[in-house]
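A.B. asks: With the hints as extra help, turn the sequences into a complete structure.
Going down the list, the sequences are from chains A and B. Mapped onto the working numbering, the consecutive letters of the first sequence carry residue numbers 1 to 98. Mapped onto the working numbering, the consecutive letters of the second sequence carry residue numbers 1 to 165.
Just so you know, these hints were derived from the structure itself, not from any lab.
Which chain B residues face chain A? A few, computed with CB under 8 Å, are given here:
no., residue
1, N2
2, M20
3, M33
4, M40
5, L43
6, L67
7, V88
8, K93
9, K127
10, L134
11, A153
Here are the computed distance ranges between Cβ atoms for each label pair:
no., chain 1, residue 1, chain 2, residue 2, range
12, A, I81, B, V61, 20 to 26 Å
13, A, D55, B, K93, 40 to 46 Å
14, B, L69, A, D3, 36 to 42 Å
15, A, D3, B, G92, 39 to 45 Å
16, A, V85, B, F11, 32 to 38 Å
Keep in mind the model is a prediction, meaning the values are calculated, not measured. Glycine residues also receive a C-beta, built at the ideal position from the N, C-alpha and C atoms.
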Amino acid sequence: MNDISVNAFWLVSAFIFSMGLGIILLKRNTLFILMGIELILAAANLNFVAFNRGDQEQQGLLFSLFVLVIGVCEIAIALAIIIMVYRSGKWKVESGKL
Amino acid sequence: MNNIVFILLAFLTCGSAIGMLITKNLLHAALLMFVVMFGMAGLFVLANADVLAVSHLMIYVGGVMILILFGIMLTQKRGGGPSNDLNVEENGKLFPLIVALGSFYGWFKLIELSNLSTQVLPGDESKIRQVGFLLTTQYSFVFELVGIFLLIALVGSTYLAKKDE
Chain A
1 MNDISVNAFW
11 LVSAFIFSMG
21 LGIILLKRNT
31 LFILMGIELI
41 LAAANLNFVA
51 FNRGDQEQQG
61 LLFSLFVLVI
71 GVCEIAIALA
81 IIIMVYRSGK
91 WKVESGKL
Chain B
1 MNNIVFILLA
11 FLTCGSAIGM
21 LITKNLLHAA
31 LLMFVVMFGM
41 AGLFVLANAD
51 VLAVSHLMIY
61 VGGVMILILF
71 GIMLTQKRGG
81 GPSNDLNVEE
91 NGKLFPLIVA
101 LGSFYGWFKL
111 IELSNLSTQV
121 LPGDESKIRQ
131 VGFLLTTQYS
141 FVFELVGIFL
151 LIALVGSTYL
161 AKKDE
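C.D. replies: This is the structure we're talking about:
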């Protein structure tokens, strides 16, 4: 079960992180940017979990659980803010003005 | 066997992430994001974190998917013409792609340079017993704090989303 190296996980995680960064910079829609942030959080979790395999005390696993909770809270608050902004009528991310 | 499964899951995850970057359709991107999350849960299983994989599946593929789809539904213009409102505008393609690929290249170089050899502990039994024990003893304060944090987020998002009278 333990024959996959940490580097492989790190590579996948780096790729997902880069795609999330690219989405945040490329798209001009707030929901899209939110999805990019979720990708970055998932990539961070993958790193935590991959390095946790050598840890007797499971610190990485527990931290990744807390990261999951933070991500969910962020999604809930951000969607509320998005709906509020949509009602206010100014609904577009200007380029260069984030 | 594990290697084959890992490669398949990695290609699924990375391919869906590329698809998210390429597509302009918001709904397609949302559905692709859940393929990414699904593959991520599989990768978590391969990294011996079954607890996180199950919670990831439940929270993302179950909860956040509904939230994002509701967000997409609630932010569409009503009574639009025949044009597809789900297509989003994009910034100039050059700068974001350079940043994304440069970031990936930087991480790749870092992985190459760092001579990592973290040892992997033997044994592939489930860690749920240990995680439950740690959450109720050593990390009990953080656990309670996370509960209060979730409550704050719940109340805050309800307050923000309510209609002003």
